[in-house]
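Peer 1: Here's the letter readout for the chains.
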Amino acid sequence: MRRHLFILAFFLTSARRHWKWHLGVITIFSVVVFAFASIVFFIQSLSYETRQVLSSAPDITMQKIKAGRMVEIPDSLVQSISEIRGIKSVVPRVWGYYFDSPTGGVFTLMGSDSLPGNLTLVDGRGIQPGDRGIAVCGTGFLETHYLRLQDNLSLFDSDENLLNFTITGRFRSPSDLLTRDLIILPIEDARKIVGLKETEYSDLSIYVFNDDEIENISRKIDRRFPSVRVVTKAEIKSTYEALFGYRGGLFMFGLLISLFAYMILAWQRASGISAEAKKELGILKAVGWEISDVLLLKFWEGISISLTATLIGLIGAYIHDFIFQASLLKPFLVGWSVIYPEFNLLPVVQIGSVLLILVLAVVPYIAATMIPSWKAAVIDPSEVMHA
Amino acid sequence: MTGLDRDFIILKIYAFVTVMLIVIFTVFVFYSRAVVSNDQRLSQEAEIVRLLHITDMCVATESRHTRHIALPEPAAAFQDIPGFLDHFPTSTFFWPPPQVKIKQSSETGVIGNKNPMIGNKK
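Line by line, the protein sequences give chains Z and A. If you read the first sequence in this note's numbering, its first letter stands for residue 11, the second for the next number, and so on. If you read the second sequence in this note's numbering, its first letter stands for residue 127, the second for the next number, and so on.
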């Protein structure tokens, strides 16, 4: 133990002499770890929230497709679906997209008659059966139009007639990841805007009694009714797992960028050490150091630099993601949007991911430090010092 | 002060900095766990999902197929104007839902769904 301490102390004194170089390596290394860890924490938080929230999604969602396009579902189909054994309820949904020409944004417009106002994420009052001419909006619509509660909201229906609504409720910003672009209207009003007849719906949400029967019932619906698309809750979850998982698009993107940066760093280390460093190793060997001592020195150099840089990168990533709300990553998901998605990220940090980042950062760096040093350490010291 | 003493002072400073970094990160981890376990937001959001029968999160809003990634329209890329190719930056990261991917069935040897445009024909 004492030997290790002496060698580490020797390295730190040596590092103080070349502090600019070591500071540079730690800075670049920290930035690489920061970029990678930011992506990992970001998608972990999104993934966790998505998994928890979408556990209440409909068991089965059914849409009608005609010639490759989504079309309205007639009332008669709702009756037929309801008669399938094992189905608890069939809830027709009325929803669509609303292009808002003044801002150029596309909002998601939904009809609902059962949005109670006592939810903590809803300010004002919700929508009850029989309500007409009122709206509950997400923060996206209110911010882009500078609107507040009790203000008027004008929307064009499918025949280009202007309809007026009073904003009686709004979703609070903590739920932005779910409700940012939503406009909720009473069902009959939503039907007018979307352009549906009284006997038509956009799609169906189907709930079943037994979760184990979801697959069977979805298969039954799929076979019995022509031109329908059935999406189960498990498929919705797997869609988001494909997006946020370790093989998902966001993760791969972050991984590739960090990997390239890291490869450049490791390559710089592994491509050979400088003549001065070789000379230093030669002197150490000449004064009695053995190859194992030199390797131990390089091991502690690798550990101290990579551990310090990884910890700085991890702390930086945490502050970036959960205090500054991933302000550097958000633009990737904004794209051409008018309604910028807002994320109030929950600070989800999984120990497994932290260990993964530690292993990915520390082990290759130690290898990249020790291998060239081992090559240099086996050379005869007089040869190195004369070179 | 000997050279050895000076070396050990540097070692102590380094050890202090490293321990501080570890402590700061550990505090962050435990604080996160406390925040997540006490957070009421997720249950409230789940309630909104249950009431409105929502199927998708509002992760990106720029295009319909990334706004509602679980329920994309089968021909979304060409629906707006002729030659309207998918040009949305988020499409780089958003992969198609697994259920609309054409896959080979090992049991039947049939390639693809009955109609992949419609979706999940099992």
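Keep in mind the hints are simulated off the structure, nothing from the lab. Any given hint might turn out to be false.
Computed list of chain Z residues with no C-beta within reach of chain A, every gap over 12 Å [to be verified]:
| # | residue |
| --- | --- |
| 1 | Ile144 |
| 2 | Asp161 |
| 3 | Glu170 |
If you anchor each label on the Cβ, the simulated ranges turn out as follows [unchecked claim]:
| # | chain 1 | residue 1 | chain 2 | residue 2 | range |
| --- | --- | --- | --- | --- | --- |
| 4 | A | Ala141 | Z | Leu305 | 49 to 59 Å |
| 5 | A | Ser163 | Z | Leu305 | 43 to 53 Å |
| 6 | A | Phe142 | Z | Tyr217 | 54 to 64 Å |
| 7 | A | His213 | Z | Gly255 | 24 to 34 Å |
| 8 | A | Val149 | Z | Arg229 | 50 to 60 Å |
| 9 | Z | Leu172 | A | Val153 | 49 to 59 Å |
| 10 | Z | Val388 | A | Pro222 | 23 to 33 Å |
Note that the structure is predicted; figures quoted are calculated from it, not measured. Note that beta-carbon positions come from the ideal geometry of N, C-alpha and C, so glycine has one too.
Peer 1: Does each hint fit the structure? Answer for all of them.
Peer 2: Hints, verified against the model:
1. Ile144: holds, 15 Å
2. Asp161: holds, 22 Å
3. Glu170: The claim stands: Glu170/Z keeps its Cβ more than 12 Å from every Cβ of chain A (closest is about 19 Å).
4. Ala141/A <-> Leu305/Z: 49 to 59 Å: violated, 22 Å
5. Ser163/A <-> Leu305/Z: 43 to 53 Å: holds, 45 Å
6. Phe142/A <-> Tyr217/Z: 54 to 64 Å: holds, 58 Å
7. His213/A <-> Gly255/Z: 24 to 34 Å: Hint holds: Cβ distance 26 Å, inside 24 to 34 Å.
8. Val149/A <-> Arg229/Z: 50 to 60 Å: holds, 54 Å
9. Leu172/Z <-> Val153/A: 49 to 59 Å: Roughly 55 Å apart at Cβ, these two residues keep to the hinted range, so it holds.
10. Val388/Z <-> Pro222/A: 23 to 33 Å: For Val388/Z and Pro222/A the Cβ distance comes to about 54 Å; the hint is violated.
Of the hints listed earlier, those the structure fails to meet are numbers 4 and 10, in rising order.
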